[in-house]
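Participant: Modelling step: build the complete structure from the supplied sequences, incorporating the hints.
So the protein sequences, as listed, match chains A and B.
Under UniProt numbering, residues 1 to 316 are what the first sequence spells out, in order.
Under UniProt numbering, residues 1 to 409 are what the second sequence spells out, in order.
Simulated from the structure, these hints should not be mistaken for lab results.
None of these values were measured; they are calculated from a predicted model.
Be aware that a few hints might be false.
[What the hints assert, rightly or not] For lysine to any residue, the following SDA-like pairs were computed, each having C-alpha atoms within a straight-line distance of at most 25 Å: (1) A/Lys63 / B/Ala62; (2) B/Lys32 / A/Gln279; (3) B/Lys231 / B/Asp208; (4) B/Lys32 / A/Thr139; (5) A/Lys63 / B/Trp406; (6) A/Lys207 / A/Thr228.
[As the list claims (entries may be wrong)] Chain B is nowhere near these chain A residues, computed Cβ spacing over 12 Å in every case: (7) Ala41; (8) Gly112; (9) Thr125; (10) Leu136; (11) Leu172; (12) Val187; (13) Ile241; (14) Arg313.
All C-beta atoms in this analysis are idealised placements derived from N, C-alpha and C, irrespective of residue type, glycine included.
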Amino acid sequence: MDRAAKDKALLDRIGIDQIARNARARRRGQLGLGLVFMAPALIMVVGVLLAPVLFNIWLSFTKWRKFTGFGEYAGFANYERLPSNPFFNEALINTAIWVGASVVFPIALGLGMAMFFRNLRGAETFKNIIFIPRILAPTAVGVLWFYVYAPDGLLNRGLGLVSGRDVDIGWLYNDATVTPAIIATFVWQTAGLVMVLLLLGLAAIPKDPIEAAHIDGASRWQIFRYITLPLLMPTLLMVTILSVLAGFTVFDLLWVMGANYPGQRSLALAVFMYFEAFQKGSWAFGSAVAVIIGLVVLCVTWFQTVLQARVDRMTR
Amino acid sequence: MKLKGKLMGTAVGVLLAAAPAFAQEVQLFHDKGFWSEQLQTVGDAAREATGVTITETPYANAEQYKAFVQASIASGETPDMFTWWTGATFAELVSSGQIAPLDDLWAEMIANGGYGEASKELFMVDGQAYAVPLLLARWVVLYNKPLYAELGLEEPKTWDELMSNADAIVAAGETPFLATVHEGWRGFIWFQELLLRMHPEAYNGLNDGSVAYDGPEVRAVFEAWSDMYAKGYFSDPRSTEEFNDYVRGAGAMYLIGEWAAGLVVEAGVPADDLGVFIMPNAVEGAPAAVIVEGSPLVVSVDGAQDETVMAALRFWVSDEGANAWGEATGNYIGNNSAEAPNAIVAEVNADIAETGAAAYLRWWEAVPPDLQGELVAEMNRFMLDPTMETADEVMATMQSLNAAYWADQ
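Facilitator: Laid out in structure tokens, this is it:
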């Protein structure tokens with residue numbers, strides 16, 4: 001009897017086929033059970049996230065406008081119209097400003113505060129106070145700050161008190177001030193979260209290299225520049241991704257605070273999309289704008305993920 | 001067994017009793033959430049009078065509501081009964097082919113003596129009437145009677161008298177006119193009125209592309225408007241509390257739809273202190289005119305086949321329906337055999353009857369819907385900086401949008 005035949009005989013004796021069948025049945029059973037447990041999450045992801053996204057992409061290739069054109073194929077016509085729309089171009093520039101500002105200011109402020117509060121005793125109360133705006137709904141924040149910026153609001157009154165004369169600036173009515181004013185509100189709301197995330201990142205940095213640098217006579221700036229900052233990079237990158245996404249998709253604040261500003265539709269791509277779809281009934285065109293926003297966010301996120309992986313490798 | 005039999009009998013009885021009630025219900029979709037309660041009052045009155053309950057179904061804002069109706073029609077699921085807007089938007093709705101013509105109902109309404117042909121015209125597209133009025137509001141000037149009395153002013157019959165009243169109010173340290181850009185849609189109010197009073201011949205042309213937004217007629221409007229701002233005639237356009245502003249006396253005169261009278265009274269102005277007049281013409285010999293806002297109530301083609309839906313609609317336009325609606329909201333629907341809902345409406349009715357003022361559709365409805373939001377944003381821009389320099393920019397932008405739109409048609 002050759003070796004293969006011996007093996008087969010042995011396997012037959014121990015009933016390997018039955019064991020394999022049982023194992024397959026068990027795996028099928030486990031898979032079924034797994035699917036049952038996963039079903040709520042799957043239904044949510046597919047029904048609430050994936051299906052609407054796919055439906056929106058499909059809509060962007062149709063002619064749907066108000067009461068007609070639903071389901072009629074339009075090819076890339078909606079996308080071809082985008083560059084010639086002056087409001088789209090203006091909204092694109094404003095969105096770029098928003099993304100830049102939502103990365104630079106909250107991170108600069110959050111990092112500054114995180115460094116300041118890191119080793120400060122009794123700073124918990126201040127940290128909590130700074131974080132509070134984050135737990136407020138953006139719409140509520142918008143309404144609150146709308147009144148702060150009102151012509152007879154807190155800001156003008158404060159400036160009046162300082163300058164000793166009446167101040168009557170329409171912060172949310174003026175081309176030059178509306179975007180900076182809303183960005184300031186955004187920074188007020190988000191800097192607290194950035195600070196908390198960076199504090200967590202700072203807490204995870206080992207103390208040894210910093211102490212060694214101290215002993216070697218490095219200045220505080222040198223320690224920050226050459227030790228703290230590189231080790232904080234993974235957290236900073238994660239915060240940057242969150243900030244970029246927030247900048248691209250900002251809507252609530254612009255909708256509430258820019259309600260009386262004549263150029264509201266151009267304040268950002270998300271607002272432009274809402275006006276085109278909901279106000280003008282250009283559903284297919286609005287869907288194309290949404291797809292563009294989605295694609296840009298996807299590209300930026302992918303780029304940052306690649307970068308994050310590199311930084312992780314470098315700091316490992 | 002006995003108990004089981006009784007229970008089954010009761011259940012069958014309840015079902016039989018409930019069945020007609022379910023069958024006799026008509027849903028009315030609308031975007032006027034601020035009138036939800038009042039609409040339901042009319043719905044309940046309909047049940048008492050006809051056995052058909054009108055159940056109001058509100059949407060939070062106009063955009064969401066439009067989205068719902070457009071998506072419903074595009075997917076072939078048109079609601080049986082719903083509200084819409086007149087003018088170009090209405091023509092678009094009718095062009096979907098899903099809205100039932102109501103000429104027969106209008107023939108009955110006019111034959112009964114309550115309604116006039118002029119009201120019907122607001123709801124006509126290509127010679128057929130497709131809606132009944134949910135609301136017919138004339139745009140008038142509400143004014144502060146006590147202040148007028150204190151300054152010895154009379155209701156103006158001419159443009160010069162109006163301007164002279166405004167000067168007297170400024171001299172007394174008060175602001176003549178209330179006007180804001182609040183909510184982004186109000187910018188057209190003074191623009192449309194000034195155009196109609198100064199260049200009535202250009203009013204309709206502006207909305208069919210034959211008159212330019214940077215033409216001499218519109219320029220004259222902006223010059224007059226800018227001049228009025230320079231003289232201190234207007235309140236702060238940035239205010240967000242127009243009704244309360246009127247109560248606080250921020251403006252002595254308030255150019256608005258007559259529906260606002262109820263809201264102003266609700267905000268605290270005694271009804272007797274509120275006067276009303278139709279804005280006088282600025283050019284001599286121009287025919288008497290009034291701007292009218294109509295809100296249509298439509299039924300779908302399928303809805304018109306359903307006797308329950310038509311019974312609900314008939315109740316709405318009846319004297320009883322108009323009275324219930326008028327009592328609940330102070331709104332007028334053009335039914336002159338019903339009671340006038342308040343003294344303001346009665347006075348406007350009398351004024352129109354005396355002068356034979358012709359109805360002009362409100363700019364907001366008359367302008368092509370694709371231009372509506374963008375043009376009114378420009379008018380708001382002017383109100384926030386009412387100089388001729390801004391007016392020039394605004395006119396150029398408006399005309400560029402207007403020309404691009406009409407070139408596409």
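Participant: Given the proposed pairing of lysine 32 of chain B with glutamine 279 of chain A, does the C-alpha separation stay at or below 25 Å?
Facilitator: holds (16 Å)
Participant: Are lysine 63 of chain A and alanine 62 of chain B close enough, with their CA atoms no more than 25 Å apart?
Facilitator: holds (23 Å)
Participant: For a C-alpha distance cap of 25 Å, please report whether lysine 32 of chain B and threonine 139 of chain A respect it.
Facilitator: holds (22 Å)
Participant: Is the nearest Cβ of chain B still more than 12 Å from the Cβ of valine 187 of chain A?
Facilitator: It holds; valine 187 of chain A is separated from chain B by about 24 Å at its closest Cβ, greater than 12 Å.
Participant: Measuring Cβ to Cβ, find out whether leucine 172 of chain A lies farther than 12 Å from everything in chain B.
Facilitator: violated (8 Å)
Participant: Regarding the assertion that threonine 125 of chain A does not contact chain B, is the least Cβ-Cβ distance greater than 12 Å?
Facilitator: holds (35 Å)
Participant: Verify that the Cβ of arginine 313 of chain A lies farther than 12 Å from every Cβ atom of chain B, and report whether the claim holds or is violated.
Facilitator: At about 48 Å from chain B, arginine 313 of chain A clears the 12 Å cut-off, so the statement holds.
Participant: Are all C-beta atoms of chain B more than 12 Å from that of leucine 136 of chain A?
Facilitator: Non-interface label on leucine 136 of chain A holds, nearest chain B Cβ at 21 Å vs cutoff 12 Å.
Participant: Just checking, glycine 112 of chain A versus chain B, shortest CB gap more than 12 Å?
Facilitator: Holds, because the least Cβ-Cβ distance between glycine 112 of chain A and chain B comes to about 34 Å, which exceeds 12 Å.
Participant: Going straight from one Cα to the other, do lysine 207 of chain A and threonine 228 of chain A come out at no more than 25 Å?
Facilitator: holds (10 Å)
Participant: Can we trust that alanine 41 of chain A is non-interface, i.e. its beta-carbon lies farther than 12 Å from all of chain B?
Facilitator: holds (28 Å)
Participant: Between lysine 231 of chain B and aspartate 208 of chain B, does the CA-CA distance stay at or below 25 Å?
Facilitator: The given pair, whose Cα atoms are some 33 Å apart, is violated under the 25 Å limit.
The earlier numbered hints that this structure contradicts are 3, 11.
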